[in-house]
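Chemist: Below, each chain spelled out in residue letters.
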Amino acid sequence: GQQLNQSPQSMFIQEGEDVSMNCTSSSIFNTWLWYKQDPGEGPVLLIALYKAGELTSNGRLTAQFGITRKDSFLNISASIPSDVGIYFCAGRREYGNKLVFGAGTILRVKS
Amino acid sequence: GAGVSQSPRYKVAKRGQDVALRCDPISGHVSLFWYQQALGQGPEFLTYFQNEAQLDKSGLPSDRFFAERPEGSVSTLKIQRTQQEDSAVYLCASSLFIMGTAKNTEAFFGQGTRLTVV
Chain W
145 GQQLNQSPQS MFIQEGEDVS MNCTSSSIFN TWLWYKQDPG EGPVLLIALY KAGELTSNGR
205 LTAQFGITRK DSFLNISASI PSDVGIYFCA GRREYGNKLV FGAGTILRVK S
Chain D
365 GAGVSQSPRY KVAKRGQDVA LRCDPISGHV SLFWYQQALG QGPEFLTYFQ NEAQLDKSGL
425 PSDRFFAERP EGSVSTLKIQ RTQQEDSAVY LCASSLFIMG TAKNTEAFFG QGTRLTVV
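So the protein sequences, as listed, match chains W and D.
Position in the first sequence (first residue = 1) + 144 = our numbering.
Position in the second sequence (first residue = 1) + 364 = our numbering.
Same shape as in the complex, but just chain D (with noise of 0.2 Å):
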């Protein structure tokens, strides 16, 4: 596709239970970030990866979270033995550059997992 695609859109998990997300990036993308947003606030970085490589965890909130891109490409953000406050829209974004130097380089974004934990 010409996006970045995510899925599922929607996800209801039982609170206790393992979700995991799927970024397709735009197709030779290097650079892939997740963020979480909670409802009324602005993405908070999660992880960045460099082709295959998990180059900054540092927004990781806890040893649940794990987000793998294995080849590169897909990339897969796992959440263990969900919580209540795991509940927000989860985005991925991808980039062609490593770095953003001007408008076009910047990364493009998905269009979100809405994550419900009951």
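The shape of chain W in the complex, shown without the other chains (with noise of 0.2 Å):
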């Protein structure tokens, strides 16, 4: 089963405002990355994160690799309906090269 705690499970947001999401594991990855998934498609890599404190931008989306190793963030600034879909992180292990992926955030833009 899963191994990464993401919340929120859902969202449901007004046009133009900023979105947050996290997720959380206890133990260490050496690897962050954020993925968004439209109905019917596979994921799309978004962010990619391999340095702990990492803070990378990609235009509207920011994410950060937590300082512990355990953690990750993404921020969504002025959200627009587009941005609307499923929001995963997931985290790869020092040895190997498997994903392991988040429960994902559901996304919801009202305009």
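Since the hints were made in silico from the structure, they are not lab data.
From a predicted model like this one, the values you see are computed outputs, not experimental measurements.
Misleading hints may appear alongside valid ones.
[What the hints assert, rightly or not] With beta-carbon atoms standing in for the labels, derived distance ranges:
hint : chain 1 : residue 1 : chain 2 : residue 2 : range
1    : D       : 394       : W       : 156       : 38 to 46 Å
2    : D       : 417       : W       : 172       : 26 to 34 Å
3    : W       : 153       : D       : 449       : 21 to 29 Å
4    : W       : 195       : D       : 445       : 44 to 52 Å
[What the hints assert, rightly or not] Below, simulated BS3-like cross-link-like pairs (lysine-lysine); rule was C-alpha separation at most 27 Å, straight line:
hint : chain 1 : residue 1 : chain 2 : residue 2
5    : D       : 421       : W       : 242
6    : W       : 195       : W       : 242
7    : W       : 195       : D       : 467
8    : W       : 180       : D       : 421
Virtual Cβ for every residue (Gly too), placed ideally from N, Cα, C.
If you follow the hints, you should be able to join the two separate chains into one complex; please do so.
Modeler: Okay, structure coming up:
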């Protein structure tokens, strides 16, 4: 089963609002990734983080790799209707290259 | 094609039937992953290939699940004697690299095959 705790489970926000979601783990990961999945599609990579403390932006998206290596957050600023979808965090341990995913955050935007 | 291609997109199987799901990775990609995504959940790792070698099959839920990549390109995930709990989306991902070290080295996912066992 999932080993990453992702919250919130869902969000229904007004267009233009900022969004924040996070992921925590009881164990250390050396890579954190954030994906977006639209209905009927595979996950698409948004941001990748490789160093503890790293803060990375991709347009209106900003993500941080927690200093303890056990957590990460994703912020979306000034949300727009096309931000609707399911956002997943994923972690990769030091040895091995498979990903462990969170259960996802469903984002809905009211225009 | 430009991306990871999976077929069929949808498969309905009667309980007890065997199924085969195909993944065509991006040409030249070394790493290939299979993940299982149950409804309302994140993907869960099934197995990993580096070229034709299956290096990790720790996520396969039972011996009814079998994956192969005989020539290091196309991969097939086979499920024998399907059961209702096998109903899920099966995602394939491929990467040119063995390990991701930057965003552009991470794996690309296909659209998945939605398997429904009735």
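Chemist: Now, for every hint given, state plainly whether the structure supports it.
Modeler: To see whether the hints hold, each was checked on the structure:
1. For residue 394 (chain D) and residue 156 (chain W), the Cβ-Cβ distance of about 42 Å falls inside the hinted range of 38 to 46 Å, so the restraint holds.
2. The hint said 26 to 34 Å for the Cβ distance between residue 417 (chain D) and residue 172 (chain W), and at roughly 27 Å that hint holds.
3. Evaluation of the 21 to 29 Å hint for residue 153 (chain W) and residue 449 (chain D) yields a pass: the beta carbon distance comes to about 23 Å.
4. In this structure the hint that residue 195 (chain W) and residue 445 (chain D) lie 44 to 52 Å apart at CB holds, the actual value being about 46 Å.
5. Pair hint residue 421 (chain D) plus residue 242 (chain W) holds up; C-alpha atoms about 11 Å apart against a cutoff of 27 Å.
6. A C-alpha spacing of about 18 Å is found between residue 195 (chain W) and residue 242 (chain W), which places the hinted pair at or below 27 Å, so the restraint holds.
7. For the proposed pair residue 195 (chain W) and residue 467 (chain D), the alpha carbon gap of about 13 Å is at most 27 Å, so the pair holds.
8. Of the pairs offered as hints, the one joining residue 180 (chain W) and residue 421 (chain D) holds, with about 26 Å between alpha carbons and a cut-off of 27 Å not exceeded.
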